[in-house]
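2 protein chains.
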Amino acid sequence: MTYCLGIHVRRGVLLAADSRTNAGVDYISSYRKLFDFSVPGDRALMLCTSGNLSITQAVMHTLDRDLITNSEVNLHALPTMYDIARYIGTCIRNLQEIDRPWLQKDKIDFQCSFLLGGQIKGEAPQLYLIYSQGNCIRSTPETPFLQIGETKYGKPILDRTLTYESSIEDVAKYALLSIDSTMRSNLSVGPPINMIMYHTDSFQIGHKARFFAGDPYLLKMRKHWEVALREAAASMPEIEWNSPVVPTGPELGDISEQ
Amino acid sequence: MTYCLGIHVRRGVLLAADSRTNAGVDYISSYRKLFDFSVPGDRALMLCTSGNLSITQAVMHTLDRDLITNSEVNLHALPTMYDIARYIGTCIRNLQEIDRPWLQKDKIDFQCSFLLGGQIKGEAPQLYLIYSQGNCIRSTPETPFLQIGETKYGKPILDRTLTYESSIEDVAKYALLSIDSTMRSNLSVGPPINMIMYHTDSFQIGHKARFFAGDPYLLKMRKHWEVALREAAASMPEIEWNSPVVPTGPELGDISEQ
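The listed protein sequences correspond, in order, to chains A and B.
Counting from 1, position 41 in the first sequence corresponds to residue 41 in UniProt numbering; the numbering is continuous, with no gaps.
Counting from 1, position 127 in the second sequence corresponds to residue 127 in UniProt numbering; the numbering is continuous, with no gaps.
Treat the hints with caution; some may be incorrect.
You can't tell identical chains apart in this list, so a pair holds if it fits in one copy or across any two.
With a straight-line Cα cutoff of 20 angstroms, these simulated EDC-like cross-link-like pairs (lysine to aspartate or glutamate) come out [said to hold, decoys possible]:
| id | residue 1 | residue 2 |
| --- | --- | --- |
| 1 | K220 | D159 |
| 2 | K121 | D42 |
| 3 | K223 | D170 |
| 4 | K220 | E231 |
| 5 | K121 | D83 |
| 6 | K223 | E240 |
| 7 | K223 | E165 |
Derived from the structure by calculation, the hints contain no laboratory data.
Bound-form chain A, shown alone:
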């Protein structure tokens, strides 16, 4: 599995991803899933991949090849983020058409999905999720994040903290906590974690970070977070048990209804 996260707030766009790929629990390996295709001054372009590795690698290969062989339709030539999202969707469809029947014969999962984030000169920053079927959706201020892969473990921290007005520093921390929570609870998501941060209207990548297993910052952060969670729970008002000890009678299995 994989966990990739894109966040688009007023002040910027962040993409982050783990690096674990597995075919069953007994074949685990590490592949990078976060890519930077920016052209400083003209466009910031970040891409995350999830799903069948042979399909996502083939899509990445097509995107790379088109930069050399197709002067009009490529990541650097297309004029809008929407055009790029549709172009990646088309690449996915073309490869699905070739490989899907063969994978399907052996019941191999052929699904894949992509996150695309950044900004092209003349446009506002944007964040897209491109589905395995080639269609796409775009994030909005109401829901300033999109996820692909193993998404559930890392969603509560984002639902509880992130808003469109969050600061860039907070966004980076929330993203790292979201991925770390997923790694902590699910073996199929693992380090290194890659993260790229883009600041609105800068048209170049602001920061990159990579955290390996055992990274001192990651360990410090995890410790800090666990202590903070325990303290937050301890300082929470005590649970108001709304029914005293009631011996259960013959109306068995019935929790008291008051």
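Starting from the known structure of chain A, arrange chain B on it as the hints suggest.
Same frame as chain A, but now just chain B:
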């Protein structure tokens, strides 16, 4: 969907469950999934159900009926928690045998699972997960909780905070936060939340609680938690971006490797 949680720590056993049942997103209703079968002084028995509602209700019906019609094999007569876990497993198997072929014909999910927690005089407290196939596992101090249903959203908070030595008060808070996190992130899990707390060696239920939607304590807790999470992130050491702004060259798509 459903989310049920069982926690077994040194000082007690807690079972908690939401109350939402859905057949698709356009048919959502509320059913209780947490049941108390205790006989004060002799045994504390708590049960949670998840999965196909017709199957879980049929199992509950069988358990209720056997209390009246089968004097030897029932929840109050069986001498150990293990016997009770196997007995529930047998009830599940019997009903699966009857209903499964009919459900399978129309591709209806026939899976179900149960949590069983409590203590019988002469034994230590125990917590079991009984699978749809009728087999069961028991919690251990290393992993002091078991979950059924929509388990992923509520797992990180438990992984980060709960230990076998946690206090009863903290356990109740962690459980409520775990369920609330799930409700917040997934529509298929919803209120009221039911919770039963058993204190080791008391042989009667210690506390019960029910939290309806809009319950003042639940709202207070949620607010407290979200503020605490934001503060914990704000007080976290700043992210150490490990690569300065590097213009990306022709080696496209390559995050700097230092």
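query = Checked against the structure, which of the hints given earlier come out wrong?
reply = none
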